[in-house]
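Novice: Here the structure of chain P is known, so what remains is to put chain G in place on it, guided by the hints.
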Amino acid sequence: MNKQELIKEIEKNFIKNIPRFRPGDIVRVHVRVTETRYNQKTRKWEEKTRIQPYEGMIIKIRGSGVGKTITVRKVSQGIGVERIFPIYSPTIEKIEVVKRHKPKRAVLTFVRNLSEKEMRKKFKELKE
Amino acid sequence: MIAMICQKVGMTQIFNNEGKVIPITLVYSSGNYILDIKTKEKDGYSAVVISYGNKKINKIKKPILGKFLRAELERIKSSLKEIFSNENLLSLYTSILKEQDFVKREELIAQHKIDKILLYSIDFFKINDSNFENSLNKQSMKQFFEFLLAKQGEDALKAKELGVKNNHIYLPARIIREFRTEDVSKYKLGSYINVSDFKDIKLVDITGISKGRGFASVIKRWGFKGGPAAHGSKFHRRPGSIGSTTYPGRVIKGKRMPGHYGNERVTIINLELVDIIEDRNVMLIKGAIPGANGNWVIVRKAKRSS
Numbered sequence: 001m002n003k004q005e006l007i008k009e010i011e012k013n014f015i016k017n018i019p020r021f022r023p024g025d026i027v028r029v030h031v032r033v034t035e036t037r038y039n040q041k042t043r044k045w046e047e048k049t050r051i052q053p054y055e056g057m058i059i060k061i062r063g064s065g066v067g068k069t070i071t072v073r074k075v076s077q078g079i080g081v082e083r084i085f086p087i088y089s090p091t092i093e094k095i096e097v098v099k100r101h102k103p104k105r106a107v108l109t110f111v112r113n114l115s116e117k118e119m120r121k122k123f124k125e126l127k128e
Numbered sequence: 129m130i131a132m133i134c135q136k137v138g139m140t141q142i143f144n145n146e147g148k149v150i151p152i153t154l155v156y157s158s159g160n161y162i163l164d165i166k167t168k169e170k171d172g173y174s175a176v177v178i179s180y181g182n183k184k185i186n187k188i189k190k191p192i193l194g195k196f197l198r199a200e201l202e203r204i205k206s207s208l209k210e211i212f213s214n215e216n217l218l219s220l221y222t223s224i225l226k227e228q229d230f231v232k233r234e235e236l237i238a239q240h241k242i243d244k245i246l247l248y249s250i251d252f253f254k255i256n257d258s259n260f261e262n263s264l265n266k267q268s269m270k271q272f273f274e275f276l277l278a279k280q281g282e283d284a285l286k287a288k289e290l291g292v293k294n295n296h297i298y299l300p301a302r303i304i305r306e307f308r309t310e311d312v313s314k315y316k317l318g319s320y321i322n323v324s325d326f327k328d329i330k331l332v333d334i335t336g337i338s339k340g341r342g343f344a345s346v347i348k349r350w351g352f353k354g355g356p357a358a359h360g361s362k363f364h365r366r367p368g369s370i371g372s373t374t375y376p377g378r379v380i381k382g383k384r385m386p387g388h389y390g391n392e393r394v395t396i397i398n399l400e401l402v403d404i405i406e407d408r409n410v411m412l413i414k415g416a417i418p419g420a421n422g423n424w425v426i427v428r429k430a431k432r433s434s
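Those protein sequence lines, which keep their order, are chains P and G.
With this note's numbering, the residue at position 15 of the first sequence is 15, and numbering never jumps.
With this note's numbering, the residue at position 100 of the second sequence is 228, and numbering never jumps.
This is chain P alone, in the form it adopts within the complex (with noise of 0.2 Å):
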């Protein structure tokens, strides 16, 4: 028996195949999100599910395997908003690449802090 091999064969049944991303592109995570309404002509409490996308930078890529993920910033409204996916779960359609960027760092939390002029200064645009 190998331990490693075992873990990874059952790792494997959860591994889809995404696309390659790195730190500092632009993502678009399309999220399914379940929702209870309340419906005024049945009169019952409905299930619905869509999906729903997310659009921004990848900040940091934690883990490998099953229990890799990553965390998606977002300026929206003028307020930042960070979330983690873990990138296999079955609640994630899709993951597109919007845009590449080719940043100096591996995890760039400093991005908090950086006004939207010094965040174009920073990221210039890895064209294929």
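In short, the hints are calculated from the structure, not lab data.
Yeah, the Cβ is synthetic: ideal placement off N, Cα and C, and Gly gets one too.
Some clues are possibly wrong.
What the simulated footprint calls covered on chain P by chain G, stretch by stretch (three residues with Cβ under 8 Å from a Cβ of chain G suffice, anywhere in the stretch; the number is not a length) [claimed, not checked]:
| hint | stretch |
| --- | --- |
| 1 | 6-18 |
| 2 | 65-73 |
| 3 | 77-90 |
Take a look, some chain G residues computed to stay more than 12 Å from chain P by CB distance [claimed, not checked]:
| hint | residue |
| --- | --- |
| 4 | Gln228 |
| 5 | Phe230 |
| 6 | Ile237 |
| 7 | Tyr248 |
| 8 | Asn409 |
Specialist: Only chain G this time, still in chain P's reference frame:
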């Protein structure tokens, strides 16, 4: 199934249908051998003795080897029945027995994962399919075990001379444990308990030896809060006061103090058995279990589940 001796593999995580993460520990066991069955009439109580982990036959102590004598008798009987009913298997075994070249024979055994004890038993008891049950008894088994011991030494020497790898004769005797149970009728001497026997069980208790932490102080061992790190404080990780003065004039019994921590038998109760992967002999258990990866653990059906 009452219990099983397994090996902790390591931890990972899986997602359930709702997308929630479940932390899991993998527990591996290729099958536990039923070494002895104790009954009320014979021993005053009823229990099952199971063993796991290969040990070379020449390394096993004599009293334990004696236990194996009876169990192996049963196992050889039932296994031979299987071999003689399957023509392909039978021809394979006989062809290996006829093979004169030592290196080739060992290679064949390794390739087909053949049990050397069964192989030699066909040769030793001069079995032809009609009368093998008569030639197998306690007396002849004793001689057979002596023969095996001699053979183990012989084969090892030969392999060393030729400089090749040798298949040792193993018996599952690394770890032996006894478990009490009222009903022993469903257990058969010399048969195996597998992970698939836990199919209907939802909650398990797991016993293992926790990781040793050596001489640990109160913060690690008892979860004391400790003092401030800075602002001129000189009190960081000390236990502080351990009692009053003249009255009572002693330290109360059971006062939590530094000392040896870990490396003790720990049982975690009511852990959820998430899944069983039969063809890989693996159980998935929710949450953490005691000990380092590779440690022996005992998996039991939950005793105190509500």
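Novice: Now look at each hint and say whether the structure bears it out.
Specialist: Status of each hint after checking the structure:
1. 6-18: holds (count 7)
2. 65-73: holds (count 3)
3. 77-90: As far as the stretch 77-90 of chain P goes, the hint holds, because 4 residues have Cβ atoms under 8 Å from chain G.
4. Gln228: Since the minimum Cβ distance to chain P is about 34 Å, glutamine 228 of chain G lies beyond 12 Å and the statement holds.
5. Phe230: Nearest chain P Cβ is 28 Å from phenylalanine 230 of chain G, so the label holds.
6. Ile237: holds, 20 Å
7. Tyr248: Given a closest Cβ separation of 26 Å, the condition holds.
8. Asn409: Given a closest Cβ separation of 8 Å, the condition is violated.
Of the numbered hints given earlier, the model fails hint 8 alone.
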